[in-house]
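Same order as they appear, the protein sequences are chains C and B. Each residue of the first sequence is one higher than the one before, counting from 1 in this note's numbering. Each residue of the second sequence is one higher than the one before, counting from 1 in this note's numbering.
These are computed hints drawn from the structure, not numbers from a lab. A couple of the hints might just be wrong.
[Stated by the list, open to error] Straight line, CA to CA, 27 Å or less: simulated DSSO-like cross-link-like pairs of lysine-lysine: (1) B/K101 with C/K106; (2) B/K75 with B/K122; (3) C/K50 with B/K5; (4) B/K72 with B/K122; (5) B/K101 with C/K132; (6) B/K5 with C/K106; (7) B/K78 with B/K122; (8) C/K119 with C/K83; (9) B/K101 with B/K54; (10) C/K119 with C/K50; (11) B/K122 with B/K54; (12) C/K132 with C/K119; (13) B/K99 with C/K50; (14) B/K54 with B/K99; (15) B/K99 with B/K72.
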Amino acid sequence: SGDLYCSLLNPRNVRFESVNMRNVLHWSAPEGTGNGVLYKVKYSVYGVGKWIRKPECRNINITWCDLSSETSDYEEQYYASVKAFLNGMFSDWVETTRFNPLTETKIDPPIVSVSSTDKSISITLTAPEKWKRSPEEESISLLQVYPGLQYNVSVLNKKTKKRWFFSISNHTLVVPWLEPGTAYCVSAQIHVPAPLLDSGFSKEHCIATLKDK
Amino acid sequence: TTGNKIFHFGACRVSMSMAEIRAGFTAIKANIQARDPIRTLSILSYPHSLHKVKSSDRCCITHHLLNFYVGKVFKHCKTEDLYVNRKISSIANSFLSMKRKLGQCHEQNRCRCGQESTEKLKQILANYEGLNVTSAAMKSLGELDILLDWME
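Chain C on its own, in the form it takes in the complex (with noise of 0.2 Å):
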């Protein structure tokens, strides 16, 4: 007699969501079903194909896996895959596309920190860091992920409204020729021309250029 099994819908829209090379493994739960569907993930290295399991994520109820320690190298490319189980019951394993680190990660924008003159002011931008396992491991800046990383600043003069865009390889600009005692507003963006990738805009960062002596 053949054994009987029920099957349980398969897991919905796997994928890779990745911000500063923090790798993070989402899924939907199976159509129609409520609480109580635990989950376990496996991940592998393209041209390599061996699949690995993730021991802290077996048997999970929520539906993410951060597996960026598994994929910290962006030399790589890997795909990821989930099954669901309930009740005895359970799904397919539900591969992600294959995920490349280095072009499919978001950038988040860069730190601005500004100070002023009277007639000028100095913009210093720090680019994010690439995701760490634990404070104390080396940082890794993205400019270095990214060599050929530039940042637009954006430049309002609050009382004109008028506008200045700069796009700067360097991490320091100063802005000349301002009016004394006016308000500007500083905002960047990282831009990465190869392989084409854009963060957003940062907020805006005011400071008002000291009044004339």
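Got chain C; can you put chain B on it based on the hints?
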């Protein structure tokens, strides 16, 4: 064309429309990679990533890989999807143009092939010939971002 950028490969300097190629590949990447079920082998990265290649061998490897794609890959990548086919031929044309430009420098003997690059190219061809032509070509096309990441 717009979006051309000068690339340095050893002593050779070549202007390439990389952004155009990237955009074309990104548009069909999921479609092409879905046609490649073989996870255990990579044409370009097996056993070692292209990124491990010495910079002095960059010119030779780029020259031969452009020839490889133009000569062995694109022509075997016909699909039933017209949109995908158009993107493939656009990428192929860009590669043809790059191949010609780099070829001129190669003929002027400024694109030396060292022992490491010769070994690497042999491995790539062995990986390719280890599969049937269509699978090998489709897999190679699906790995275009590996090549572009390395070239850039």
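Right, here's what the structure says about each hint:
For the hint pairing B/K101 with C/K106, the CA-to-CA distance comes to about 34 Å; that exceeds 27 Å, so the pair is violated. Between B/K75 and B/K122 the CA atoms are separated by roughly 21 Å; this keeps the pair inside 27 Å, and the hint holds. Restraint check for C/K50 and B/K5: not satisfied, since their Cα atoms lie roughly 38 Å apart, outside the 27 Å limit. Among the hinted pairs, B/K72 with B/K122 is consistent with the structure: their alpha-carbon atoms are about 14 Å apart, no more than 27 Å.
With a C-alpha separation of about 41 Å, the suggested pair B/K101 and C/K132 falls outside the 27 Å cut-off, and the hint is violated. As the CA atoms of B/K5 and C/K106 are separated by approximately 24 Å, the hinted pair is consistent with the 27 Å bound. Between B/K78 and B/K122, the direct Cα distance comes to roughly 26 Å. Compliance with the 27 Å bound is thereby established for this hinted pair. Between C/K119 and C/K83 the CA atoms are separated by roughly 62 Å; this puts the pair beyond 27 Å, and the hint is violated.
The hinted pair formed by B/K101 and B/K54 meets the criterion: a straight-line CA distance of about 22 Å does not exceed 27 Å. At roughly 62 Å between alpha-carbon atoms, C/K119 and C/K50 are farther apart than 27 Å, so this suggested pair is violated. With a C-alpha separation of about 16 Å, the suggested pairing of B/K122 with B/K54 holds against the 27 Å cut-off. A distance of roughly 40 Å separates the Cα atoms of C/K132 and C/K119; the hinted pair therefore is violated under the 27 Å criterion.
At roughly 35 Å between alpha-carbon atoms, B/K99 and C/K50 are farther apart than 27 Å, so this suggested pair is violated. Distance check on the hinted pair: B/K54 and B/K99 sit about 21 Å apart at the alpha-carbon level, within 27 Å; holds. Taking the CA atoms of B/K99 and B/K72, the gap is near 13 Å; set against the 27 Å cutoff, the hint holds.
The structure fails hints 1, 3, 5, 8, 10, 12 and 13 (numbered hints given earlier, in ascending order).
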